[in-house]
Amino acid sequence: MGKYILQRLGQILVTLFVFQTLLFVILTAMPGDVTNRMLTNPDIPPEVRERTRQALGLDDPVLVQYGRWFQNFITGNLGVSYSEYPTPVIEILEERIPRTMVLFLAATIVQFVVGFSMGRALAWQRGGFFEYGSTIVGVTLYTVFTPWFALMMIFIFGARLHWLPLGKFLTPILWRKVDIPGMSDSLTKANYVFTRMLWTATAAFVIWLIMAYFTRNLSHTKRNRTRLIATVIILAVSIGGWAMVDIGPLAWDITKHMILPIVTLTLVGFAGTMLMTRQTMLETLREDYIQTARAKGLPEKLVRDKHAARNALLPVFTGLIISLPSVISGGIITETVFSWPGMGLTLLNATTQEDIPLVMGTLSFIGVLSLLAHLVADITYAFLDPRIRYS
Amino acid sequence: MSKETPILAVENLVMHYTTRKGDVSAIDGVTFSLEKGHSLGLVGESGCGKTSIAFSLMRLLPDNAKIKQGSIFIDGEDIITMSYDQLLKFRWRKIAMVFQAAMNALNPVYTVGDQIVEALDLHDMIKNKAEAEERVAELFELVGLDPALMHRYPHEFSGGMRQRAVIAMALSCEPDIIIADEPTTALDVIVQDRILREMKKIQQKLGMSMIYISHDIAVIAEVSDHIGVMYAGRMAELASGVDIFERPLHPYTYALMRAFPSIKGEKHDLTTLPGEPPDLLYPPTGCRFHPRCPFATDICKEKQPPFENVGGEHYVACWHPMEVHNDHH
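Top to bottom, those sequences are chains A and B. Counting the first sequence from 1 gives a position; this note's numbering is that position plus 205. Counting the second sequence from 1 gives a position; this note's numbering is that position plus 25.
Any given hint could turn out to be false.
[As the list claims (entries may be wrong)] Listed next, the stretches of chain A that the computed footprint assigns to chain B, with coverage defined by at least 3 CB atoms under 8 Å from CB atoms of chain B:
| hint | segment |
| --- | --- |
| 1 | 485–499 |
| 2 | 511–524 |
| 3 | 584–595 |
[Stated by the list, open to error] A short, non-exhaustive set of chain A residues, derived as facing chain B with CB atoms under 8 Å:
| hint | residue |
| --- | --- |
| 4 | Asn422 |
| 5 | Gly502 |
| 6 | Leu503 |
| 7 | Pro504 |
Bear in mind the hints are in silico, worked out from the structure with no lab data behind them. We treat Cβ as the ideally placed atom computed from N, Cα and C, and that holds for glycine.
Throw the hints in and build the complete structure from the sequences for me.
Here it is, written out as structure tokens:
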């Protein structure tokens, strides 16, 4: 296994090199550069534009530019953003990656859980109103034009019913009221709160995993009860902890802003997971070991969850992991509609303003994440399916 | 319970599968019983209803199957009228099964040992993990597997080993009856023979009752005290193994035996039975075998022959049983 991971990491480095080179070629091949905007301003003389190009090194031969850029990339220097000059690209990414990750990780997991449980139930109870109803609704939402649907959600739940905020990821008035020592503007505060929320979630998840590991040998009913109680305790402690500190309301404000995008993304996407789960479940149900499980006297619910769903989970889980990085780039539309200041919106703005360093930085991040996700998928697959062993 | 009460008594069982085209009469009036410690072989062509009987005995039939009539008594309890919760406790504890194509009868994502422990745990046969491992080791030894293999996954087992593991699983809750549905079909002849012999030995040692199901009368003959020959959802003939081989009364039994070569008995030409088993959506009138029977007369087409005792424990459902007998001796 260790050797396999090393080998895969080597492959990832090569793929990353190819990816980065292609990225550079494509972006350099595009006409114009950031100084194009100076052409439309009659107050800027052509010499200034020429000098700016020289200063930025844009008039050097392409190979020299490539060499310089590559050297910087290896040393971790992603350059300085043109559109938010002189903020380094890495700082912009550091600020926005968590926001996107929280939103889309939550949305993907919710979508996966909803889709998986519905698909599981569909395969178990074929026919009838539930199957037709959820399939028709699911497929309709899956095929609907996402920006329109997102706008409708904002219109109904934000503008008409006033249940949820319209967009952005915080309510500035609320944030001005709360003081965090050493921080003046709400953006820094937001990052402070955000990072802490992320750490809480990560810690809760790790504790849950450890708990699941230690309860794995209990009998089924006992294990389910213990795990349920432990889950409730973990959730209560983390939410309760946040409720007691001053920045609790701020965290709640962020959470409230996340609900609408998450619900929208879930509604639009759950049908994919649902139909795939249903299909693999139906295939699994034909297997002989399902018959064996029933013959042993297992109640139907256990046959479904422990034997059928466990095997149907394999392809669905791979789908989930592979979709993780694409969900960030696919978030451009969602982030624009909900004005969520994350990676998708950053990429879009950087592209329209020819901010090549920022575009490169964003795309590099998505590329690295994609490559890592595939590796993680391969490794977890070996844990989920004992038939798979890497050598 | 008196010694004469059979552990299993099936009376006039009628079962239909509902399909879009109509009802398929898969089991039609089957009656047999099984004494404690004895073994019964059910033999017949594919689609004759032998596996349907096995699944009826465990109430594992698919949703479109309906038991129309009859009763199945196992250890004095009628399982057809049993509630679902009772049934869950009954399965595997009273009657277990070694499945057809045992290769796929084990779930690939759990270790073989865990799958046996699951059954033990469900039926409260064990108190803790240590006891469970001890019991699994005991079972593994009984079926000739190395106990160290219990933590391995099914794909790490060979076909014969998996078969043994499945047998160990069937034995785990010490059931009164084990049904072995084509237990060795997927294995090569040598392994097949060895496993059959060992199953027979274990059965005698533990005093269980067995039902073997196979299309191969030679396999059945080796392990069963009694043999039931099935044709198109009905029991054609039921007798001791010796009687079936030496005094077959039903023309179908006779034809079935001529279709297998024997290395012990005298040489004979292998004969095949003309025609095909009937479509049970539209079963033939009278005796279901009459369209293929060389001795059929008018009565065979009109009236179903009764399943009668013709002496000793020999039962047959045929209007002209002796004719066959006289013709060939």
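Taking the hints in turn, this is what the structure says about them:
no. : hint    : in the structure
1   : 485–499 : holds (count 7)
2   : 511–524 : holds (count 3)
3   : 584–595 : holds (count 4)
4   : Asn422  : holds, 6 Å
5   : Gly502  : holds, 4 Å
6   : Leu503  : holds, 6 Å
7   : Pro504  : holds, 6 Å
In this structure, every one of the numbered hints holds.
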